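Work out the full structure: start from the sequences and follow the hints.
Number of protein chains: 2
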Amino acid sequence: MSVQPKLEIINLGDELLIGIRENGHLAYLGDQLTRFGLEVQRNLVIRDNPEDIKRFFKDSWDQNDIVITTGGLGPTSDDLTRETIASLLNLELEFHEEIRQRIEDRFTKMGRTMTDNNLKQCYLPKGAVELVNQFGTAPGIFLKKDGKILIMLPGPSQELRPMWNKRVIPLLEEEGMNFTDQAYLQLRTYGLGESALESRLNPILESIEGLRVSFCFHHGIVDLRLSSPNGGLSTEEIEKIGEQCRIELGDDFVCYGHHSLAKIAFDQMRGVEKTLAIAESCTGGLLSDAFTNIPGASKIFAGGVVCYNNDAKIEMLDVPESILTQHGAVSAECAVAMVTGVAERFSTDYGLSITGFAGPGGGTPENPVGTIYLGYYSQVGVWSQKLVFSGERLTVKERAVHAALDFLRRKLIRYRVEDFLAAVGTSR
Amino acid sequence: MSVQPKLEIINLGDELLIGIRENGHLAYLGDQLTRFGLEVQRNLVIRDNPEDIKRFFKDSWDQNDIVITTGGLGPTSDDLTRETIASLLNLELEFHEEIRQRIEDRFTKMGRTMTDNNLKQCYLPKGAVELVNQFGTAPGIFLKKDGKILIMLPGPSQELRPMWNKRVIPLLEEEGMNFTDQAYLQLRTYGLGESALESRLNPILESIEGLRVSFCFHHGIVDLRLSSPNGGLSTEEIEKIGEQCRIELGDDFVCYGHHSLAKIAFDQMRGVEKTLAIAESCTGGLLSDAFTNIPGASKIFAGGVVCYNNDAKIEMLDVPESILTQHGAVSAECAVAMVTGVAERFSTDYGLSITGFAGPGGGTPENPVGTIYLGYYSQVGVWSQKLVFSGERLTVKERAVHAALDFLRRKLIRYRVEDFLAAVGTSR
Numbered sequence: 001m002s003v004q005p006k007l008e009i010i011n012l013g014d015e016l017l018i019g020i021r022e023n024g025h026l027a028y029l030g031d032q033l034t035r036f037g038l039e040v041q042r043n044l045v046i047r048d049n050p051e052d053i054k055r056f057f058k059d060s061w062d063q064n065d066i067v068i069t070t071g072g073l074g075p076t077s078d079d080l081t082r083e084t085i086a087s088l089l090n091l092e093l094e095f096h097e098e099i100r101q102r103i104e105d106r107f108t109k110m111g112r113t114m115t116d117n118n119l120k121q122c123y124l125p126k127g128a129v130e131l132v133n134q135f136g137t138a139p140g141i142f143l144k145k146d147g148k149i150l151i152m153l154p155g156p157s158q159e160l161r162p163m164w165n166k167r168v169i170p171l172l173e174e175e176g177m178n179f180t181d182q183a184y185l186q187l188r189t190y191g192l193g194e195s196a197l198e199s200r201l202n203p204i205l206e207s208i209e210g211l212r213v214s215f216c217f218h219h220g221i222v223d224l225r226l227s228s229p230n231g232g233l234s235t236e237e238i239e240k241i242g243e244q245c246r247i248e249l250g251d252d253f254v255c256y257g258h259h260s261l262a263k264i265a266f267d268q269m270r271g272v273e274k275t276l277a278i279a280e281s282c283t284g285g286l287l288s289d290a291f292t293n294i295p296g297a298s299k300i301f302a303g304g305v306v307c308y309n310n311d312a313k314i315e316m317l318d319v320p321e322s323i324l325t326q327h328g329a330v331s332a333e334c335a336v337a338m339v340t341g342v343a344e345r346f347s348t349d350y351g352l353s354i355t356g357f358a359g360p361g362g363g364t365p366e367n368p369v370g371t372i373y374l375g376y377y378s379q380v381g382v383w384s385q386k387l388v389f390s391g392e393r394l395t396v397k398e399r400a401v402h403a404a405l406d407f408l409r410r411k412l413i414r415y416r417v418e419d420f421l422a423a424v425g426t427s428r
Numbered sequence: 001m002s003v004q005p006k007l008e009i010i011n012l013g014d015e016l017l018i019g020i021r022e023n024g025h026l027a028y029l030g031d032q033l034t035r036f037g038l039e040v041q042r043n044l045v046i047r048d049n050p051e052d053i054k055r056f057f058k059d060s061w062d063q064n065d066i067v068i069t070t071g072g073l074g075p076t077s078d079d080l081t082r083e084t085i086a087s088l089l090n091l092e093l094e095f096h097e098e099i100r101q102r103i104e105d106r107f108t109k110m111g112r113t114m115t116d117n118n119l120k121q122c123y124l125p126k127g128a129v130e131l132v133n134q135f136g137t138a139p140g141i142f143l144k145k146d147g148k149i150l151i152m153l154p155g156p157s158q159e160l161r162p163m164w165n166k167r168v169i170p171l172l173e174e175e176g177m178n179f180t181d182q183a184y185l186q187l188r189t190y191g192l193g194e195s196a197l198e199s200r201l202n203p204i205l206e207s208i209e210g211l212r213v214s215f216c217f218h219h220g221i222v223d224l225r226l227s228s229p230n231g232g233l234s235t236e237e238i239e240k241i242g243e244q245c246r247i248e249l250g251d252d253f254v255c256y257g258h259h260s261l262a263k264i265a266f267d268q269m270r271g272v273e274k275t276l277a278i279a280e281s282c283t284g285g286l287l288s289d290a291f292t293n294i295p296g297a298s299k300i301f302a303g304g305v306v307c308y309n310n311d312a313k314i315e316m317l318d319v320p321e322s323i324l325t326q327h328g329a330v331s332a333e334c335a336v337a338m339v340t341g342v343a344e345r346f347s348t349d350y351g352l353s354i355t356g357f358a359g360p361g362g363g364t365p366e367n368p369v370g371t372i373y374l375g376y377y378s379q380v381g382v383w384s385q386k387l388v389f390s391g392e393r394l395t396v397k398e399r400a401v402h403a404a405l406d407f408l409r410r411k412l413i414r415y416r417v418e419d420f421l422a423a424v425g426t427s428r
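These protein sequences, in sequence, are chains A and B. Heads up: the first sequence begins at 1 in the numbering used here, then just goes up one per residue. Heads up: the second sequence begins at 1 in the numbering used here, then just goes up one per residue.
No lab work stands behind these hints: they were computed from the structure. Heads up, a few of these hints could be off.
Just so you know, same-sequence chains aren't split out, so a pair can sit in one copy or run between any two.
What the hints assert, rightly or not - In silico lysine-lysine, BS3-like type, Cα no more than 25 Å apart, as pairs:
(1) K58 with K6
(2) K109 with K386
(3) K54 with K6
(4) K120 with K144
(5) K263 with K274
(6) K6 with K148
(7) K6 with K144
(8) K299 with K263
Note that this is a predicted model, so its numbers are computed, not measured.
What follows is the structure, encoded as structure tokens:
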């Protein structure tokens, strides 16, 4: 195995090509591999039939040191990957009684009977190691042959991910690969577009030889990754460049690494033992959900209210009816009333609110579709912010959630100042 | 152009290979194309650098009738797709003043200044048609050459999707392609695993020549797609087979087509002008969000409460403290109290609740991590259901949301019976 092995991922499954499901496997494995310096050369998504596997697998196998496949290991008659790849590699399939037993036990535990079509899952190519599947019937396959490695993983992500973490990484470590040290430095930013960010950082980044810079925009966040794939720069040198960028960016710098905006705000509040409640309308629960994706969220997140009509805003959040009639539900006044109401109802230190028109319906000349009002509540005051996003309904929702989390993050950076002012009894 | 053109999708972008983002473009385009009978032969995800584009694009172009690329059209210096592909096709790039004007107008509208690096977006390969970008700066490209079609789309999905719908489909229709009639019949089911579904439908499906059957499992939903790619079966014959399957499946049949479980429940309630409120804990807003993804949701969805701690359940949902101390927050009793409280607070006809342990923390010997209690409220009574899911936190959340929506759907099927009983004053 070379120091920098060539690696490809092949995702099998008609369902990926016909749009039933996003290819989360590539995102997951790509992230896992890249963090530890293994580069994915290319990704292929092909149909799960013997002809296409024959047409494309062999080329991947010949051109690379490691090939990872996902999918095609299920019990239905259209899953033929195991058989086809074993035949391409001139390997026989062998029946494993211990796999049959495990599958039967699993069915028994669920109160179901094992069906005959599960029996095909008990066969592995000769010489392969079973990757035990903790959350499903299909075992994975780890095979060393001709100095190369083949890793075959099951399609459902709740089976694939634990298998990768618990079974595959230890086996790759045995082959001398390093899954401890990260291979690049990521700066997560919010507030600048991709080209504005590049222009702003260009004076720092443009003249450095051996530095690889890449950008990625996702719903308002722009990630900047710094690495030196040819080893021209040391880790310390890259960290020093990262620090220069961080200082240049000021509050537009969110964090190093992969934390979500919700996680950053969560850590800010947890450090000072404060609590948060959320009121939202057009984002419909997505803002609350961003917090509850964090394990241990209940330490700071008391709860939220989704108020989709005016009666609910009055009843659940004590929004005065006069605000709704005078200013409407999409207004700075309503965002402020919602956030005040929810923080008082849940007795929390902070509150965050969103109201707006996500589209396609709604909107007024003054507040067209895509208009969002944010509200922020703390012990020392209440603020609101107006934003306008373009795009379709789901995009506007995602952007609004990120904007609200960033609004909270920036306000919390000022926390110590506010706290001091509140303690000495000075109002702003 | 042949009747069934060969088509590949190439997604460009390091960010897809290094796991910053899921490949939503493949899912979106795959779905769009498949619905109208265009099959994606294969999908390639490659890095956005001239070497890899040279290595892989030409082969795709040579082997197919239509090639669709996504990404690599941005203004930053690492976006070189336009230049490399034009050179591979021996086409010059031409500057288009009308594109520069559009980009400048866009910046002016947003109160920003156009930066010089946007100028590269004004160049198109000679002979190409501009695909006007309504939501971003990068124009798309539509090019006919040597009897083939090249379609180049921008990376952000809020730009790509409207461009596909409004610009590309009309141009493909001009080439004689049909974007009106759907090419397969999909039955969406819930309640059976993939292999149980196959075993149950096998007596109907196994002996039919020329029928293609495919299954896909996503968070408890199993989709069954019936088609006849070689034209052996007529639309009417496939519909007749679908009807046989629908009858065999009973309440496990959800719908024909692509509707979400939330949309199905929405339609059931909207047809009878009823309203719904939601109370959730471990799913943290995701259940409410499922409804608010439906345009016009406010017609039935009054709102929801996310109660992440016990105080919030008492204060916001009137859950009796004695239930929390005697049975705990994860119990059938609590699910019932939550759903009753939320329906009464929001004054709705129906209520739906979820409480459970999504993991990784929490859980008791009786209710381990993955245990979920659902609650359903209607005018004629309140019901609960216990379920146990395996998998990681986000998986458990997704599965719980689908299970709650399916619980609601099955209860609403019985709506007319309940309504009749309520009207004549009979309790069950």
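(message) Name the hints, by number, that the structure is in violation of.
(response) none
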